[in-house]
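Add chains B, C and D to chain A, keeping to what the hints say.
Protein chains: 4
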Amino acid sequence: MYQDLKQACYEANMQLPKLGLVLFTFGNASVVDRQNRVFAIKPSGVPYETLRPEDIVIVDFANHIVEGTKRPSSDTKTHAVLYSHWEEIGGIVHTHSTYATAWAQTQLDIPILGTTHADHLTVDVPCVPPMSDQLIQGDYEHQTGWQIINEFQQRALSPAEVEMVLVGNHAPFTWGKTVDKAVYNSAVLEEIARMAYLSCTLRPGVPRLKDALIRKHYERKHGANSYYGQ
Amino acid sequence: MYQDLKQACYEANMQLPKLGLVLFTFGNASVVDRQNRVFAIKPSGVPYETLRPEDIVIVDFANHIVEGTKRPSSDTKTHAVLYSHWEEIGGIVHTHSTYATAWAQTQLDIPILGTTHADHLTVDVPCVPPMSDQLIQGDYEHQTGWQIINEFQQRALSPAEVEMVLVGNHAPFTWGKTVDKAVYNSAVLEEIARMAYLSCTLRPGVPRLKDALIRKHYERKHGANSYYGQ
Amino acid sequence: MYQDLKQACYEANMQLPKLGLVLFTFGNASVVDRQNRVFAIKPSGVPYETLRPEDIVIVDFANHIVEGTKRPSSDTKTHAVLYSHWEEIGGIVHTHSTYATAWAQTQLDIPILGTTHADHLTVDVPCVPPMSDQLIQGDYEHQTGWQIINEFQQRALSPAEVEMVLVGNHAPFTWGKTVDKAVYNSAVLEEIARMAYLSCTLRPGVPRLKDALIRKHYERKHGANSYYGQ
Amino acid sequence: MYQDLKQACYEANMQLPKLGLVLFTFGNASVVDRQNRVFAIKPSGVPYETLRPEDIVIVDFANHIVEGTKRPSSDTKTHAVLYSHWEEIGGIVHTHSTYATAWAQTQLDIPILGTTHADHLTVDVPCVPPMSDQLIQGDYEHQTGWQIINEFQQRALSPAEVEMVLVGNHAPFTWGKTVDKAVYNSAVLEEIARMAYLSCTLRPGVPRLKDALIRKHYERKHGANSYYGQ
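Protein chains in written order, with our numbering: chain A, 303 to 532; chain B, 303 to 532; chain C, 303 to 532; chain D, 303 to 532.
By construction, these hints were calculated from the structure, which means they are not laboratory data. Please note that a few of the clues may not be correct.
Since copy identity is lost for identical chains, a pair holds within one copy or between any two.
Below, a list of computed lysine to aspartate or glutamate pairs in the EDC-like style, where the Cα atoms sit at most 16 Å apart [unchecked claim]:
1) K320 x E351
2) K518 x D435
3) K518 x E389
4) K512 x D435
5) K523 x E443
No experiment lies behind these values; they were computed from the predicted model shown.
This is chain A alone, in the form it adopts within the complex (with noise of 0.2 Å):
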C-alpha cells in the first residue's frame, strides 16, 4: 500500500553513505504521509549495502507497526513526537556525523561564523542540554523528542526557519519540508560543523558573524525578495 512511500524513504536513507554521513547502521531517515498520519522508516540495524525497500517500516504517530515485517529504527519514537507536533516538516534525518557529533559531545552550539551557516539558518546551531536521569530512564526516545521541541520553545525557534539541531551528548537531527531537504540539511550541519571546528582550533575565541551580514544572506535566499537558486 505504502510503495510509494517506501521508496522515497528507501532512496533518502541510501544518499547518507553516499555523502559520507554515516558508518554502518549509524542514522536513518524516515519521510510522513501526512494525510495517513504514517511514516516510513528506516529498520533498526541493517546495513545499507543490503537495505531494499521493502524492508521500510512504516509507523504511525503513536508508534504502532502498520506495515512491514522489520523492527523499525530504535530512534522512531523522536522521529514520531517531531513529527506530531511539527506540521510543517515532511522528512527527517539523523546521522551520528563525524563532526556534528564531536560538538554535540561538547554540548556546545555551533556558533554562527560565516555566511555558509548564514545562507541556511540565522542563529547558532542549537544543542540541546543532556535530559535528567529521571527522564532517561523512562521512555528516552519519546523525551528525545520532546527536549528538542522544549529547546525550540524557550529559545523561540520556528522549526520552519531552523531545521537542524544537535542533542547534546548524542548526535544531530534534521527535518525539512521533504526529505531531501533533511538529507540536504545533514550534509550542511556537517560542513557548518566542520569548518566551526577549524575556525574556533584556529583562533579560540572568533568572534561570531555579524547581525548586518546573518540578515543579508539569509534574505537572499529565504526572503520575501530572495535571489538565489532558480
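Same frame as chain A, but now just chains B, C and D:
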C-alpha cells in the same frame, strides 16, 4: 552564439566537485570574453550533477543577461566588478572550500609559511575585512567586488601576481589569465589553507617564511630566469 | 584441511583496507577454530593487493605453524595469548588506524563522551601502559598479550563487554565473538577515537558522558530488554 | 636506450597521486642507474594525468640531460647531489604531502611517539633548518642536497637507516635501495606525520617513545634476527 564560452565555463565548473572544492551548489566559475565584454557564469542553485553546457548564462559587465534562460549565480555582480576593473583576468572561481572558508571565518590572512605557498604568491593570502553595515544593506554582491579591489589597492597588490583572496566571514575567490588557472588556484589555495591550519595549530606563533626563500621560490617559477614547468 | 577457516580469515583481512583502517601491511585479522585449538592469521608483510586465501597461515596456541608456507604475522603471539586465555572470543583484529593509534601514542584512555561510544562500551577505551624494559627485551609479542589481559583483570573488565583496547605507544587491538564483529569493532573504535579527538581539542577538559546515559544506551543495545537491531 | 629506467621511473611517479601524496605536479620520483651514473626523473610541470614513460628525462650526476626532450624537474639538482654522495640509494621521492609539509613548515623534527614510527626509523624524523640567505641566492637546489647531507653528518645519521627527511619550510624527501621503497617511505612518512600531529595537538608535550621500545621494534624488522615480513 556563445557556444564555446559556455562550454569552457561548463568544463571549469565541473572541475570544482571533482577537485573536492564544492558541496552541493556552493561555488561557481566564470569565463570572460573580452572582445564582447560579456562573461559566462554558472546558473544559481543548479546542482553539478545535472548541470549542462546550455544552462550556462551569458551576462554583460552591467549584469544584464545576454543569453540564457536561467538566473545567473547570486555572486554574478562580484564577478562583473572584478572583470570590468581588472583587465588582465580571464576567469574567476568562487567556492566555499573547507579550509579556505574556515580561515575566512577567522578574519585572518593565511600566513606564508612554506615554499608550497611561495611557489604561488609572495605574500600572505589577504583576508578582506567584512564591509560596513551600510554597504551590506545596499548592493551587497556588487560591493563585495569593490571591497576586494579596494583591499588590493590599499595593500598595493597586483591581481596578476596575487590571484586569490579571502572575503572575511564569507569564502575565497580566485582568478587567473584563464579559467583553468583560476580553478587551479582554487585547489592550491585550499591546500595552502590546510597546511597553514596544521602548522599554526601544531606550533602556535610559527614564524613566517624568511624573505630570501620567498623571493627564490617565486622567481624560479615566475621570474625572468624562471626554470619551473615546461 | 582448514579451507573454510582460511577463507573466513582472508575475507576479514580484506575488509580492513576497504574500511580505510590499514596502510600497506599495517594490520592483521585472525579467526579461531576452538575445536582444533588453532587459528588462521594473515602472513607477515604480504600486501593486501596480492593476498590470497591460500597465503593464510594456520597456527596453534603454542605458536607452531600447522598449515601454510608463509611466516605468520609478527603479532601472532599476541593473538595466541588472547585466544588461549579468553575463551569467548572468535576473532581478533589489529590495525594501526590513524586516530586510534594517535590516542595510543598519548598513553591516554579514550574518554566516553557520547552515545556513539556508549552504544558499544560503557567505559573509557582502556589504554594499556607500555611494559617494563625487561619484558620488552624478552618475548615481546607474547608479553603484549599478557599486558592486555592483566590490564583487563586490574580494571575488572570483561572481554565480552569491552571488545577493544589500545596498547600504549603502539596501536589498537579489537575482538569479538566472530571475526566480523572484530572487524566491525575496529572501524567503530577508529570513529570513536576521531570524534573524541575532535571534542577534546575543541573543548579541552570536556566532561565525560553522565552515568544515566551510559547505562541507557548500553542497555538498549545489549541489555535483557534490548531493542536495537533486528 | 634507457627504456627500462624510464618505465620504472614512470611507474613510481604514477604511484604518488594514487597514494594521495601529490596535488597537481607537486612531487617527483627518480631512479638511478649506478653503472651508467645517470638517473631518470619526472619532467618539470607535467601533470600526472598526461605523463607518459617517454616524457621521463635521463640526467647525469652533473645535471646534464642525457636523453629526453623535456626539461627535468626543478628539483633535479637535489636528486643529483644525493645520488652522487650516497652510493647506497637507488631511488628518491619528493612530495609536498600535506602533513609532512605542515611539519616542515614548523621547522620541528617529527618526534618518535609510537611503534608505527619505530618500525621504520629509530630517531625523530630530522628537519633540516632553512639554509643561509647567501646559499639561497646561489645554486639553491644543489645546496638543498648538501644541506640534507650535512645535517645527516652532523647528527651522525646513516641514509641506509634513516630514509626520510624534512627540508625546513619546504617539504619532505625520501629514498631507499629501490624507488619502490622510496615511494613506500613517502606514504609512511605522511602517515607518521599525521599521527604525530594528532598526538601532539591532543596532548601537548607528549613524551617520546622509550628507548627499549624503539630498539625492539627496529630490531624485529631490521635486526640480525629480524622476524618481520616474508
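*Index of numbered hints that the structure contradicts, given in increasing order*: 3
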